[in-house]
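From first to last, the protein sequence lines stand for chains F and Y.
Letter by letter, the first sequence follows residues 1 to 311 of the working numbering.
Letter by letter, the second sequence follows residues 1 to 311 of the working numbering.
If you are wondering where the hints come from, they were derived from the structure by calculation, not from laboratory data.
These numbers come from a predicted model, not from an experiment.
Each hint should be verified, as a subset may be incorrect.
[Stated by the list, open to error] Not close to chain Y: a few residues of chain F, all C-beta gaps over 10 Å, as computed:
{"#": "1", "residue": "G62"}
{"#": "2", "residue": "R66"}
{"#": "3", "residue": "P75"}
{"#": "4", "residue": "K86"}
{"#": "5", "residue": "A207"}
{"#": "6", "residue": "R213"}
{"#": "7", "residue": "I259"}
{"#": "8", "residue": "E266"}
[Claimed, not checked] Only pairs whose alpha carbons sit at most 27 Å apart, straight line, appear in this in silico BS3-like list of lysine-lysine:
{"#": "9", "chain 1": "Y", "residue 1": "K63", "chain 2": "F", "residue 2": "K63"}
{"#": "10", "chain 1": "Y", "residue 1": "K63", "chain 2": "F", "residue 2": "K243"}
{"#": "11", "chain 1": "F", "residue 1": "K91", "chain 2": "F", "residue 2": "K243"}
{"#": "12", "chain 1": "Y", "residue 1": "K243", "chain 2": "F", "residue 2": "K61"}
{"#": "13", "chain 1": "F", "residue 1": "K243", "chain 2": "Y", "residue 2": "K61"}
[To be verified] Label pairs and their calculated CB-CB ranges:
{"#": "14", "chain 1": "Y", "residue 1": "G168", "chain 2": "F", "residue 2": "K116", "range": "57 to 65 Å"}
{"#": "15", "chain 1": "Y", "residue 1": "S172", "chain 2": "F", "residue 2": "G168", "range": "47 to 55 Å"}
{"#": "16", "chain 1": "F", "residue 1": "R154", "chain 2": "Y", "residue 2": "G168", "range": "22 to 30 Å"}
Think of the CB as a built atom: it goes at the ideal place given N, C-alpha and C, for glycine as much as any other residue.
Number of protein chains: 2
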Amino acid sequence: MIKKLSLLACAASFVALPLLAQDAKPEYPSPPEIVAKAKAEEWVTIAPSDLLVMDLTPDAKGKALRIIIQLMPAPFSQGWVGNIRKLAAAKWWDGTAVVRVQDNYVAQWGDPTEKKALPEGLVNVSESDYVHPKSLARPRALDGLFVPPNDVSRWTSFHQGFPVAGVGTPDSERNWPTHCYGMVGVGRNLSPDTGTGAELYTVIGHAPRHLDRNIALVGRVIEGIEHLSSLPRGTGPLGFYEKEEDRVPIISMRLGNEIADLPAFEYLSTDSASFAAYADARANRRDPFFITPAGGADICNIPVPVRRQKQ
Amino acid sequence: MIKKLSLLACAASFVALPLLAQDAKPEYPSPPEIVAKAKAEEWVTIAPSDLLVMDLTPDAKGKALRIIIQLMPAPFSQGWVGNIRKLAAAKWWDGTAVVRVQDNYVAQWGDPTEKKALPEGLVNVSESDYVHPKSLARPRALDGLFVPPNDVSRWTSFHQGFPVAGVGTPDSERNWPTHCYGMVGVGRNLSPDTGTGAELYTVIGHAPRHLDRNIALVGRVIEGIEHLSSLPRGTGPLGFYEKEEDRVPIISMRLGNEIADLPAFEYLSTDSASFAAYADARANRRDPFFITPAGGADICNIPVPVRRQKQ
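Working from the sequences, and respecting the hints, build out all of it.
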């Protein structure tokens with residue numbers, strides 16, 4: 001381990017820091033230390049049927065490339081999520097490809113020919129479903145941490161483990177999931193088209209929050225995003241791959257309950273005390289590397305901890 | 001060009017949209033359209049001596065991998081920037097390597113042995129230099145666009161083409177550059193060490209704003225960041241490469257005025273009317289793809305346009 005270089009790394013997350021543990025006794029635990037000490041009952045198991053498993057063609061060294069997506073829970077985007085379940089059941093994505101990788105923006109996949117027939121029974125979802133029109137429960141313990149500050153008229157928070165934003169007073173509230181790193185959304189044509197769910201993308205750069213309320217978000221990558229974020233950037237306009245051989249073929253995409261031996265996953269409940277402590281530590285870093293706590297954090301700089309469940 | 005898939009792409013930046021130009025006459029120009037129409041005098045030439053040119057070992061196909069960094073202008077971080085000029089003059093980085101790539105965080109480079117002697121004359125910069133302690137001119141035309149909203153006590157804006165943040169009243173103001181995508185910073189040991197500038201990193205994920213005021217920022221990547229952001233992620237703790245052969249060797253790093261035939265670069269003045277219109281369009285997308293303007297933008301979601309100067 002390279003000490004000097006690694007110490008910038010103290011700013012990072014989700015990794016224990018053995019050097020520090022030996023050298024100093026921090027007064028404040030780091031975010032990963034808080035997560036490591038969370039109680040078993042603060043973790044929420046994700047149902048395998050709510051996972052979408054995408055296997056890309058192995059890389060040049062023969063390494064398997066698996067990306068695991070957690071589908072968006074109700075009340076958000078359920079029309080598109082239902083379509084995605086049907087598309088996976090129909091094995092529709094098998095033989096499609098990653099067609100676009102634009103730096104600091106998105107990696108996108110689907111049928112490059114755009115001529116592949118869609119399965120029967122997909123619904124045409126309304127634009128009004130980009131937002132949820134009713135008041136949403138959220139953990140008030142977090143309210144003070146966010147930049148911008150939460151208030152009645154405009155807020156960010158978490159709901160069932162997903163980052164969300166909202167506007168309006170409680171009796172006329174509207175809320176929606178937010179485009180953070182790793183979130184998965186639905187490509188579409190111009191309005192009023194809303195997309196079917198057959199063309200999907202994931203965010204691989206700074207949160208493009210201008211897409212919120214303009215495109216459906218249907219989930220997030222919980223494992224393997226590096227297989228998408230480290231792909232070569234497309235050299236065509238908007239990061240599209242210009243040659244067929246540049247595209248990355250998708251072997252299959254299935255719901256998790258159809259995959260043998262898939263590990264179980266769990267996320268840290270965003271309503272838990274440990275999550276509140278973790279979010280506070282992300283917003284106000286006081287572990288030994290830090291000098292000046294930020295005094296707040298962007299919703300997308302508080303990634304929800306997700307891990308493989310211990311056997 | 002794949003129409004359906006490409007239309008999500010309308011949300012992207014800096015690329016003309018020929019399909020739309022044929023199909024519809026937008027009432028509102030998109031951010032790239034505004035940039036394309038900026039006047040020649042709104043662009044600011046970057047002095048070659050303010051560029052740092054890093055050449056990595058060519059990729060497997062023999063393609064040259066050049067990364068161009070614009071060094072931070074005064075009043076920020078000038079002690080470290082001076083060290084970096086000395087390190088480049090001493091050819092100190094030649095033969096060093098990219099040693100760490102952590103997904104959604106940073107790519108970092110320097111001497112893997114940490115034993116290479118530093119050149120004479122580097123200064124030891126004080127922690128107080130993470131911030132600039134005097135009032136800073138900034139374009140007030142932008143004030144209404146930012147999320148969080150700018151006010152006297154806490155604001156974000158741009159200064160000489162770089163994203164900045166500040167706190168305090170005008171007579172006791174403190175301000176600093178912000179950790180947006182592509183910004184370049186100085187690795188360091190635990191406080192009070194501030195780093196020399198020999199170990200550098202660039203942000204390749206969502207803005208880690210908790211590093212602001214805790215680490216020196218010394219510039220930003222203006223071309224070629226995809227050569228760092230698409231590198232394989234390190235499999236060791238914090239994204240360090242575990243094997244020597246995984247590291248990406250640096251052939252050389254030089255100031256721009258020492259590179260033959262380097263193109264000239266320019267950025268869109270952040271004090272210009274076109275930049276204000278561009279920033280407004282980023283914060284409130286109204287071009288045809290969009291339904292609901294966001295009503296504001298994070299400072300790091302308004303990347304400053306930089307381009308090669310026309311010959």
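Status of the hints after comparison with the structure:
1. Consistency note on G62/F: stated as away from chain Y, and its beta-carbon is indeed over 10 Å from all of that chain's, at 14 Å minimum.
2. With a minimum CB-CB distance of about 15 Å to chain Y, R66/F clears the 10 Å threshold, and the non-interface call stands.
3. Chain Y leaves P75/F outside its interface by the beta-carbon criterion, the shortest separation being 18 Å against a cut-off of 10 Å.
4. Taking the minimum C-beta to C-beta distance to chain Y, about 19 Å, the non-interface status of K86/F holds against the 10 Å cut.
5. For A207/F, the shortest C-beta to C-beta distance to chain Y comes to about 6 Å, within the 10 Å cut-off, and the non-interface label is violated.
6. Listed as outside the interface, R213/F is inconsistent with that label: its C-beta sits roughly 4 Å from the nearest C-beta of chain Y, within the 10 Å cut-off.
7. Against the 10 Å criterion, I259/F stays outside the reach of chain Y, whose nearest CB is about 23 Å from its own CB.
8. The beta carbon of E266/F sits about 20 Å from the closest Cβ of chain Y, which is more than 10 Å, so the claim that it is off the interface holds.
9. With a CA separation close to 23 Å, the supplied pair K63/Y and K63/F stays within the 27 Å bound.
10. With a C-alpha separation of about 17 Å, the suggested pair K63/Y and K243/F falls inside the 27 Å cut-off, and the hint holds.
11. Between K91/F and K243/F the CA atoms are separated by roughly 25 Å; this keeps the pair inside 27 Å, and the hint holds.
12. A distance of roughly 16 Å separates the Cα atoms of K243/Y and K61/F; the hinted pair therefore holds under the 27 Å criterion.
13. Restraint check for K243/F and K61/Y: satisfied, since their Cα atoms lie roughly 16 Å apart, inside the 27 Å limit.
14. Distance hint for G168/Y and K116/F: a CB-CB separation of about 58 Å, consistent with the stated range 57 to 65 Å.
15. The given range of 47 to 55 Å is broken by S172/Y and G168/F, whose C-beta atoms sit roughly 37 Å from each other.
16. Between R154/F and G168/Y, the C-beta spacing of about 25 Å keeps the proposed range 22 to 30 Å intact.
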